[in-house]
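Chains as they are written, first to last, in the numbering used here: chain X, 37 to 153; chain B, 79 to 189.
Quick caveat, the hints were computed from the structure, so don't treat them as lab data.
Computed far set for chain X versus chain B, every beta-carbon distance over 10 Å: (1) Gln53; (2) Glu121; (3) Thr151; (4) Val152.
Covered stretches of chain B (chain X as the covering partner; in silico rule of three or more C-beta atoms under 8 Å from a C-beta of chain X): (5) 116-129; (6) 165-172; (7) 176-182.
Everything numeric in this text was worked out from a predicted model, so none of it was measured.
We treat Cβ as the ideally placed atom computed from N, Cα and C, and that holds for glycine.
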Amino acid sequence: GEEVAQTPKHLVRGEGQKAKLYCAPIKGHSYVFWYQQVLKNEFKFLISFQNENVFDETGMPKERFSAKCLPNSPCSLEIQATKLEDSAVYFCASSQWGPGLAGSEQFFGPGTRLTVL
Amino acid sequence: TQLLEQSPQFLSIQEGENLTVYCNSSSVFSSLQWYRQEPGEGPVLLVTVVTGGEVKKLKRLTFQFGDARKDSSLHITAAQPGDTGLYLCAGATSGTYKYIFGTGTRLKVLA
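For reference, chain X alone in the conformation it holds in the complex (with noise of 0.2 Å):
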């Protein structure tokens, strides 16, 4: 496809509670970011993929999260046993080249909405 699309939407989960969330990234992209936005502003960064192989994971919590992306699957982000501190709107972006190139411009999905109670 021509944008990136993030399912769902909008995801509740109780404490304790499996979350999974899903991206599939522009037709032809090779690299797949995940974030996550906090308090409106501040956007960490997780995990990114080249292709199907991991790239960069120093800043996945690694003990409840992990994610995946699998040749003609969208990519997914799985938190297992939410807590209360992962309410945040979780950003996928896809780019043709890897991060440092002149020509690298992320495009960013809708982002999916995990409210936590």
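Since the structure of chain X is already known, use the hints to place chain B on it.
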């Protein structure tokens, strides 16, 4: 930890005024991008700068990358209500595989 500090954090101005937003770091970036985000949407790229000292213009917006590639500024001339939004800078360093976002500047332009 790489940090990108933006200032000011909030800005409320009248239509027609000029403003400058700053993005500062102690790290050197191979590229730096500016985004604008509107409520309920993802950020949209405004510009990418890659060369120290580079200046780029996008209509009433002027972007500058510092000579040492550690800082950047965004200047808006004659601001309009349509400029209202969250402005974010994001940097990438050589050899890393991620973008670091700035702390954000929330701009409100009053008619």
